[in-house]
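> Going down the list, the sequences are from chains A and B. Here the first sequence stands for residues 193 to 429, numbered as in this note's numbering. Here the second sequence stands for residues 819 to 1227, numbered as in this note's numbering.
To be clear, the hints were calculated from the coordinates, so they are not data collected in a lab. Where hints are given, some of them may not hold.
As the list claims (entries may be wrong) - Label pairs and their in silico Cβ distance ranges:
#, chain 1, residue 1, chain 2, residue 2, range
1, A, Pro-215, B, Trp-1195, 57 to 65 Å
2, B, Ala-1139, A, Gly-237, 43 to 51 Å
3, A, Thr-221, B, Leu-1138, 33 to 41 Å
4, A, Pro-398, B, Tyr-1210, 46 to 54 Å
5, A, Lys-313, B, Val-1146, 55 to 63 Å
6, A, Asp-254, B, Val-1194, 49 to 57 Å
7, A, Pro-292, B, Tyr-1210, 20 to 28 Å
8, B, Arg-1112, A, Ser-236, 24 to 32 Å
9, A, Pro-211, B, Arg-1112, 53 to 61 Å
C-beta: ideal position from N, C-alpha, C; glycine also.
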Amino acid sequence: MDEWAVKLSDVRKTYRTGPIEVPALRGVTLSIAAGEFAATAGPSGSGKTTLLNIIGGLDRADNGEIWVAGQNLQILSSGDLAHVRLQRIGFVFQTYNLLPVLTALENAEFTLLLQGMPARKRRARVEKLFSEIGLAGLEDRRPAELSGGQQQRVAVARAMVTEPALILADEPTANLDSASAIALLDVMEQLNRTTRTTFLFSTHDPQVMERAHRLIRLRDGQIVSDNTRNSQTAAVA
Amino acid sequence: MLTALALGLGLALLLVSLGLLDGGHEQTIADGVRFGPGHVVVQAKGYQDSGSDELLLPALDVANIENFLQTGNIRHVVRGISPRLLATGLMSTSASSAGVKIVGVIPEDDRAVSLIPQRMVEGTYLSSNDKLSGVVVGDELARKLELKIGSKAVLMTQSLRPSGAATANGDGDEMQSTLLRVSGIFRTGIQGIDANMIYLPLPAAQALLGVTGDQVTQVTLLLAQEGDSPMVARALRKQLAGEPVEVLTWRESLPMLAQILGLDHAFNYVMNGVILAMVGLGILNTILMRVLERRYEFGVSKALGLRPRQLALMVIGESLALTAISLVLGLALGLSVQHYFATAGLDLRWVFKAGLPPALVFDPILYSRLSADRIVWSVSIVFAMATIISFYPALKAAQTDLPDALKVV
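Turn these sequences into a full structure, and let the hints guide you.
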């Protein structure tokens, strides 16, 4: 595994709507080591989601270098970016983004299907993961038949099942009640501990901020503080 | 499902349209050649252009043609051979007179080639046992000359023998006449035939016209299949090389019919193209709408690692599966309707209440005919169209914008 899961250098992104320009990221430089359990926080419009989208290869930066799992995303084609997402990155979205026509198990195994894994192996791996994160017995339910917390855990299973180097979770607890949020964080923290998978959250949620081992605060597209739980060191970009 | 139905309906329309077109053409050709000069005609060189009554086939050539057509493989494709003597004349009764086209035939031979014997509405067709004075006329001519079965009429024509020679019925004058008795009246529905043509036994016609030996104007051939016409014509041309004759297929002897059918073909291809284009645009719209409706699904799939090319192939694959279902539906519907029109026919007599146009050889009941080639061609065209149409929606799917497409609406 690379020493750095994510390495950004002077990343800039501006959204343009006609003549209006809205800068979302203004020169972000950041490194996240492999196995970290980190979170970005900040007010709405501070650039948290944009930062995660760019790290995840869902969006492209206007400027700067983005290295994820040893790959320079800025020079990759959209097809190669899809390959990196499939093989190295897992996503947990605020709105779960499960496919409504698929069952919980089918949603979770979707990425394995894209990787070409045989059906029996896929099913075995998903079922094992489901039992670990408290979804056993819910395999055949469709998203509409699951609670918000259960849907988000299916999304986590979908992100985890390929054993990616990095999981990006955009406001994963935003639509959950407090108990569900704590349960979900327990699951993710345990996975981080046992698999050494790197987690990077964007969040407003104080519970997530408390649980993160490292908290990066953004404002107006810039990093304003970067604290680890042990050192409480401020590193202003 | 609606898309599948639309595409299936398009194919069904195409099959029915082509079946009626081909059936109509086949019927028109079959009727045209059997009311006219057959699939292949052999006549004196220059007759096609001049129409001169004096251009006759030498008796030796007639025998040569008949012998040749009885030999080798060619005898299997020839259904009938009818030598005919053609001339123009004037038919008169006490009521009126009219210009006529005289057709002298050997009744038994002509039955195998001509449709006239099957279109008798009164009396009977000619027979070799008839007296020489028997004649068969069209119902329009019979009405004009007030002829009934057994009525007498005088037929006057110009002798084809050299001037001054004696004829069987005359005293050597060039104008000849004979008294005929109507033995049958036919109706084809084609004004040009019903008002002008008269049929009499070949010996009677030869005697009237002063034609010596077994000379005739033409030898007409009916074949088992229209498609064999060029092959038979080629064989005859080879056999008669050096003789002062012309061998024509029906396309050459009935050029106007061939042109009308060609035009009709072209028009129908354009119409079918329009039908397909309309169906195609409908399908494009539906598939495109489906792609837009599934933007979220495509966005999630793409975010999770589905490559744009895989996404495009997925849309094309789904379209092809839909097309396959449509083709099955279209074939089932199209072939069912086609079968109905092939057996019961499409009756268009209500369109032609006032009578068929004189220049058109056309049976008003259309029977659909659809060959396996046509079915394969139609299915291939619709399949190719649906495949090509799916490319654009597939491209749109591949271009699904991330991260915008992930927003839950």
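> So, for every hint listed, does it hold in this structure?
Okay, the hints, checked on the actual structure:
Taking the beta carbon of each, Pro-215 (chain A) and Trp-1195 (chain B) are about 60 Å apart, inside 57 to 65 Å as hinted. For the hinted restraint 43 to 51 Å between Ala-1139 (chain B) and Gly-237 (chain A), the CB-CB distance of approximately 45 Å keeps it satisfied. Between Thr-221 (chain A) and Leu-1138 (chain B) the CB atoms are about 49 Å apart, so this pair departs from the stated range of 33 to 41 Å. Range check, Pro-398 (chain A) to Tyr-1210 (chain B): about 49 Å between beta-carbon atoms, so the 46 to 54 Å window is met.
Our hint of 55 to 63 Å for Lys-313 (chain A) and Val-1146 (chain B) is violated, since their Cβ atoms are close to 36 Å apart. The supplied range of 49 to 57 Å is met by Asp-254 (chain A) and Val-1194 (chain B), whose beta-carbon atoms lie about 55 Å from each other. At roughly 26 Å, the beta-carbon separation of Pro-292 (chain A) and Tyr-1210 (chain B) lies within the given 20 to 28 Å, and the hint holds. In this structure, Arg-1112 (chain B) and Ser-236 (chain A) meet the distance hint of 24 to 32 Å, their C-beta atoms being roughly 29 Å apart.
Taking the beta carbon of each, Pro-211 (chain A) and Arg-1112 (chain B) are about 33 Å apart, not inside 53 to 61 Å as hinted.
Of the numbered hints stated above, those contradicted by the structure are hints 3, 5 and 9, listed in ascending order.
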